[in-house]
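Single-letter residue listing:
2 protein chains.
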Amino acid sequence: MEPLKGKAVHYTEVEAQVVGEPAKNAKIRWLVDREHDNAPVYALRMIELEAGGYSPLHQHNWEHENFVVEGQGQLLIEDTWHDLYPGVVCFVPPNVLHQFKNTGDAPLKFLCGIPAGL
Amino acid sequence: MEPLKGKAVHYTEVEAQVVGEPAKNAKIRWLVDREHDNAPVYALRMIELEAGGYSPLHQHNWEHENFVVEGQGQLLIEDTWHDLYPGVVCFVPPNVLHQFKNTGDAPLKFLCGIPAGL
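Sequence lines, in order, name chains A and B. In case it helps, the numbering used here puts the first sequence at residues 27 to 144. In case it helps, the numbering used here puts the second sequence at residues 27 to 144.
Hints in this document: simulated from the structure, not taken from any laboratory. Wrong hints could be hidden among the right ones.
Repeated chains share a single entry, so a pair holds when one copy, or any two copies, can fit it.
[Stated by the list, open to error] In silico DMTMM-like cross-links for lysine to aspartate or glutamate, where the CA-CA straight-line distance does not exceed 25 Å: (1) K127 to D105; (2) K53 to E96; (3) K33 to E96; (4) K50 to E76; (5) K33 to D105; (6) K31 to E104.
Sequences and hints are given; from them, build the entire structure.
Written out as structure tokens, the structure reads:
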């Protein structure tokens, strides 16, 4: 295997892909991942929810680690809604119902790290 | 084992620990980790370098995934210096010499994710 290559790029240089239903007004940028970087352990993505946007209420058997970069919103973890604003860090454990939503007028942008290779 | 607990807190609510030499003017906050959260795959930390601060030129057999939150700086990966400013995402592969330094007057703050349990 070739040696892994380092990188340092602004996140807006990474393509934003539309996330379809059941999400709404949602885009994702795969900032660091196994496919492009051979990142061995986890993938770092930027999720962008436009005004009115949300992720579905859902669960899966891996965790999220999040950091809010811009905007205002809320995150449901099980039965509790948490306020999201720049600088908030979140841990969503595996197998727990959760949902992100934008509650403001501007985009809500947050990092979302998950195990690599899913 | 108890079920894992979710959380959503502002990063400044997490204690900043001084990083000693050979780093300079450096602090770290362990935002999500195995010790406190049972995060299974990776740990998310906030590194804060005050003016004049830097990490040592070093390498290790795990990778970094970074995101710059505040400030100005540079990151050396092997033989190339990369500019750091808010929104820059970095991948530092395992076993590669690297160094972060603050080149501005304000703190340089960046997220740094590493495999859990190191």
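To see whether the hints hold, each was checked on the structure:
1. K127 to D105: within (15 Å within a copy, 42 Å between copies)
2. K53 to E96: Both, since 14 Å and 24 Å are each at most 25 Å.
3. K33 to E96: For K33 and E96, both the intra-copy (23 Å) and inter-copy (19 Å) Cα distances are at most 25 Å.
4. K50 to E76: within (8 Å within a copy, 40 Å between copies)
5. K33 to D105: Classified as between; 12 Å across copies, 39 Å inside a copy.
6. K31 to E104: Between. Shortest inter-copy distance 10 Å satisfies the 25 Å Cα cut-off; intra-copy 39 Å does not.
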